[in-house]
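Protein chains: 2
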Amino acid sequence: MLYLIGLGLADHRDISVKGLEIVKKAERVYLEAYTAVLLVDKEQLEAYYGREVIIADREMVESSSDEILADADKVDVAFLVVGDPFSATTHTDFVLRARQNDPPIPTRVLPNASILTGIGCTGLSLYNFGQTVSMVFFTENWKPSSYYDRVKENVGLGLHTLVLVDIKVKEPNLEAMARGRIRYEPPRYMTVAQCAAQMIETEEERGEGVCGREALAVGVARVGAEDQLIRAGTLEELAEVDMGKPLHSLVLVGKRMHEMERDFIRDFAVNKETFDRVWARDYEGKA
Amino acid sequence: MLYLIGLGLADHRDISVKGLEIVKKAERVYLEAYTAVLLVDKEQLEAYYGREVIIADREMVESSSDEILADADKVDVAFLVVGDPFSATTHTDFVLRARQNDPPIPTRVLPNASILTGIGCTGLSLYNFGQTVSMVFFTENWKPSSYYDRVKENVGLGLHTLVLVDIKVKEPNLEAMARGRIRYEPPRYMTVAQCAAQMIETEEERGEGVCGREALAVGVARVGAEDQLIRAGTLEELAEVDMGKPLHSLVLVGKRMHEMERDFIRDFAVNKETFDRVWARDYEGKA
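Line by line, the protein sequences are chains A and B.
So that you can map any letter, position 198 of the first sequence is 198 in this note's numbering, and since no number is skipped, the others follow by simple counting.
So that you can map any letter, position 29 of the second sequence is 29 in this note's numbering, and since no number is skipped, the others follow by simple counting.
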């Protein structure tokens, strides 16, 4: 059996009791380590589980999945995913490959907390969210704005948008590569501030009134952890906020917001005066 | 401290290791028992936790929350919620009341799996979902169709819609009430078949082409449990399917679907011929 086990959002103790039992008994244990990170490292997980954990990078999962699936029709293999196995990243293709293997490999998924629902900690109702989008690191010459079209659809309906931000782990160093060597860049995690700044940048390019400087948003960091942090404000304000260690996410709030949602996020406002002014001018009764 | 602890979707062992530690040490433990149910009962939970669990019905949480919050500025109180504390039902108002209490009561949320993300087990990408809606039990004279407007917005964008179905627990018996007595009806859980039938009924009334007999949908039952069941088909087909014990949910699929999503749900088709015919006629390339 191939078990896809969600680890939840914060640390090693967010795994379910059932998931931990499977990890302790499985023949092999892999940790998917390219789409999200826990706030603890591999060594801590190994110490906690009392066994070896094999890091599965993108290449291993997407190209060499035979290695992970080997014998999984006969023995139990645990594949650990930070958050929920089917959420921010879908491991659907991986499960399809297991199903289509010869012999077919039975799979079982243990869901867990995901940022897609953990974002409820902001007090924003999950019923009022539209599509989720991803934000990649812009470069000098590459500032993709396809996310903007989806955000625009949500904004048009007055809905909130969860923006998941980019992380880069195990990115090859291009200079080294040119000299035929493999060296990896240190991991990079996008911050709420960078995300807000990039949204403003796209708005300035596209100009369709989707996510300008004074659009209200909520930034979150380390959801589910003890030092979880929430900050609300205009994108311009959030572009200046330091929210500390990863992982971060951002919600662009929609106009179809209840007063209770407003009350909840107002407590986290960077500046309550700006918040109230923008709220009264652009949001209240505008759904 | 007031801890809101998600229990996950299936049974007592879906709580996180961290959550279980808090439950074992807390001064009092409440179980929110009116918006969702685990597949185990209170007695099993008590045996597993080794302690008393107090059932918190809607009235207690919404009107008598002082009892739950009593002394929670000094002692630890655990409030257990099936699924995730902030997902299908938002306990936002409850947290606001704790915050505004005199003295204010610190709160901490332990997220867990929710049907909002557990629905990823269908292979449908959570990035392609629009707003989530709720379906209530229709009666002879009350068939609210406000959900239809939201589904229509999603359909217009080619997005999937998760439809959460009604459950009725601790509903007073009206005849007994008329005679001044309090007696409760047995709990009722809406099935995928009832939900599909009601959607067809609304479509026949409204006629805006949102969820007719041949719209494709996916029904799920007991997500995350060992006997989890997934069935795909037209609403007409799903209206005839028996998916067994609760809890059920349904997804109306959108036209902006990848081929991989199609492949994944096709394996669960009630009837692959119908599925392929409807897919080719109404969905493929229609986004």
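No wet-lab data here; the hints were simulated from the structure.
Fair warning: there could be bad hints in the mix.
[Claimed, not checked] Computed spacing ranges between beta-carbons, pair by pair:
1) A:71 to B:103: 52 to 62 Å
2) A:228 to B:100: 38 to 48 Å
3) A:168 to B:145: 41 to 51 Å
4) A:270 to B:101: 17 to 27 Å
5) B:40 to A:67: 46 to 56 Å
6) B:43 to A:145: 53 to 63 Å
7) B:103 to A:189: 30 to 40 Å
8) A:272 to B:270: 16 to 26 Å
9) B:212 to A:187: 25 to 35 Å
10) A:263 to B:258: 36 to 46 Å
11) B:101 to A:176: 52 to 62 Å
[Said to hold, decoys possible] Where chain A lies over chain B, by a calculated footprint (3+ residues, C-beta under 8 Å):
12) 37–46
13) 102–111
14) 117–129
15) 213–223
For clarity, every value in this text was computed on a predicted model and none was experimentally measured.
Positions of the beta carbon are idealized from the N, C-alpha and C atoms, including for glycine.
Going down the list of hints, with the structure as the test:
Judged by the Cβ atoms, the range 52 to 62 Å given for residue 71 of chain A and residue 103 of chain B holds: they are separated by roughly 58 Å. Between residue 228 of chain A and residue 100 of chain B, the C-beta spacing of about 20 Å breaks the proposed range 38 to 48 Å. Taking 41 to 51 Å as the suggested C-beta distance range, the pair residue 168 of chain A and residue 145 of chain B conforms, at roughly 47 Å. In this structure the hint that residue 270 of chain A and residue 101 of chain B lie 17 to 27 Å apart at CB holds, the actual value being about 25 Å.
For residue 40 of chain B and residue 67 of chain A, the hinted distance range of 46 to 56 Å is not satisfied, since their beta carbons lie about 37 Å from each other. In this structure the hint that residue 43 of chain B and residue 145 of chain A lie 53 to 63 Å apart at CB holds, the actual value being about 56 Å. For the pair residue 103 of chain B and residue 189 of chain A, the beta carbons lie near 37 Å from each other, so the given range of 30 to 40 Å is met. The given range of 16 to 26 Å is broken by residue 272 of chain A and residue 270 of chain B, whose C-beta atoms sit roughly 54 Å from each other.
Between residue 212 of chain B and residue 187 of chain A the beta carbon distance is about 49 Å. The supplied range of 25 to 35 Å is therefore violated. The hinted window of 36 to 46 Å between residue 263 of chain A and residue 258 of chain B holds, with their beta carbons roughly 39 Å apart. Under the hint 52 to 62 Å, the C-beta atoms of residue 101 of chain B and residue 176 of chain A, about 57 Å apart, fit the expected range. For the stretch 37–46 of chain B, the proposed coverage by chain A is not satisfied: 0 residues have a C-beta within less than 8 Å of a C-beta in that chain, short of the threshold of three.
Counting residues of the stretch 102–111 of chain B whose CB falls under 8 Å from any CB of chain A gives 4; the rule of at least 3 is met. A stretch counts as covered by a chain when three or more of its residues have a beta carbon under 8 Å from one of that chain; for the stretch 117–129 of chain B and chain A the count is 10, and the coverage holds. Given as covered by chain A, the stretch 213–223 of chain B fails the check, having 1 residues with a CB less than 8 Å from a CB of that chain where 3 are the minimum.
The earlier numbered hints that this structure contradicts are 2, 5, 8, 9, 12 and 15.
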